[in-house]
Amino acid sequence: MTLVMNADAEEQRQRLKRQRMRSLAIALALGALVALFYIATIVRLGGNVVSRSL
Amino acid sequence: MHGTGVESEIGRVGPVAEPSVGDFVVLMKPRVMSLVLLTAVTGMVAAPGSIHPVLALIALLAIACGAGASGALNMWYDADIDARMARTAARPIPRGLLTREEALSFGAVLSVFSVLTLGVLVNWTAGALLALTIAYYLFVYTMWLKRRTPQNIVIGGAAGAFPPMIGWAAVTGSVSIESVLMFLIIFMWTPPHFWALALYRSRDYERVGVPMLPVVAGPEETRRQIWLYSIALVPLAVLPAVIGLAGPVYAAVAVVSGAAFLYLAWRVRKVTEGREADRVARQLFGFSILYLFLLFAVMLGEHAVARWVL
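In order, the protein sequences belong to chains A and B.
Everything in the first sequence is counted per the working numbering, starting at 1 for the first residue and increasing by one.
Everything in the second sequence is counted per the working numbering, starting at 1001 for the first residue and increasing by one.
Don't take every hint at face value.
[Said to hold, decoys possible] Lysine to any residue pairs mimicking SDA-like chemistry, simulated, CA-CA at most 20 Å apart: (1) B:Lys1146 / B:Val1109; (2) A:Lys17 / B:Lys1146; (3) A:Lys17 / B:Phe1024; (4) A:Lys17 / B:Asp1023; (5) B:Lys1146 / B:Leu1132; (6) A:Lys17 / B:Ser1105.
[Said to hold, decoys possible] Residues from chain B that face chain A, not an exhaustive set, calculated with beta carbons under 7 Å: (7) His1052; (8) Val1054; (9) Ile1058; (10) Leu1262.
Derived from the structure by calculation, the hints contain no laboratory data.
Beta carbons are placed, not taken as given, at the ideal position from N, Cα and C, and that holds for glycine.
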């Protein structure tokens, strides 16, 4: 009985750990994507930001 | 073949160890990805016009991620047969390092983001071609053809041939005869490359019921087909030098390495018995990778020199 409970607890711990890792990976990937889009936007705009007519 | 005992085991057993970043990298088939990147860079550099270096890097990153996504989705779908083939049994899902669900969600998310990134930040012709490549590899090759017909890698091989076209489109926003030629070279290269492997791995394919040519039509017919495709491939690979897409160095490399390719394909056709037959098939398989690498690396080198040195 105790063995089964221990196995369940271990499985739960593993599942939570994988969930945390997945969340962290998604957060990092989204952060990288935001940075990528920001950099690409700056590159695409180039000097046009400065030279626009006022 | 789906629904076998092995597949249900893979689905239920789940992970036996902690997944690492490395397991996800393996899921993306990094060796295939390196050839995809080389051919895509060649398409970009050979294309007329220019692209900002940062946007070029973003395009390559998106193409690499798209290729990786295709690999992950392929491993998700084929986990049942991968577990029973010597060549693929050590992949992360059969080893229990990742679940099929993880591979599916990783591949699907990566596919969507790579296509959106390429489309929004570079151009939608390249984005659409990348989407087509991923969809073709997953739906046409992996899900439809692979387990149904010995022509699986002939038709499915198109998926691996798109990257130079995507690279070209990233710069020009269009598809041209030159990028179609690069596509055709990889398209014609794929059958002799894969059938050479299938010749000495035919028992693996037979066991899991994948109708590769040696399993269905026999090794003799496979050897004949390898020879025929090689005869078509080698002159085709010289064509870029004829139409001005590549220069004299490329022409020399294409002729010399093409002759070596034909020699090995001929040996595969003639040596049909015992270990020596397996050995020559392995030689052709190994050389075919070097051959494609050489063609695209030299074409890339020539264009890079012409663009930035001369």
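Results for each hint:
1. B:Lys1146 / B:Val1109: 24 Å, violated
2. A:Lys17 / B:Lys1146: 36 Å, violated
3. A:Lys17 / B:Phe1024: Given pair A:Lys17, B:Phe1024 holds - Cα atoms ~16 Å apart, limit 20 Å.
4. A:Lys17 / B:Asp1023: 16 Å, holds
5. B:Lys1146 / B:Leu1132: 18 Å, holds
6. A:Lys17 / B:Ser1105: 17 Å, holds
7. His1052: 5 Å, holds
8. Val1054: 5 Å, holds
9. Ile1058: 6 Å, holds
10. Leu1262: This hint is violated: B:Leu1262 lies away from chain A, its Cβ roughly 45 Å from the closest one there, beyond 7 Å.
Consistency note: the structure conflicts with the earlier hints numbered 1, 2 and 10.
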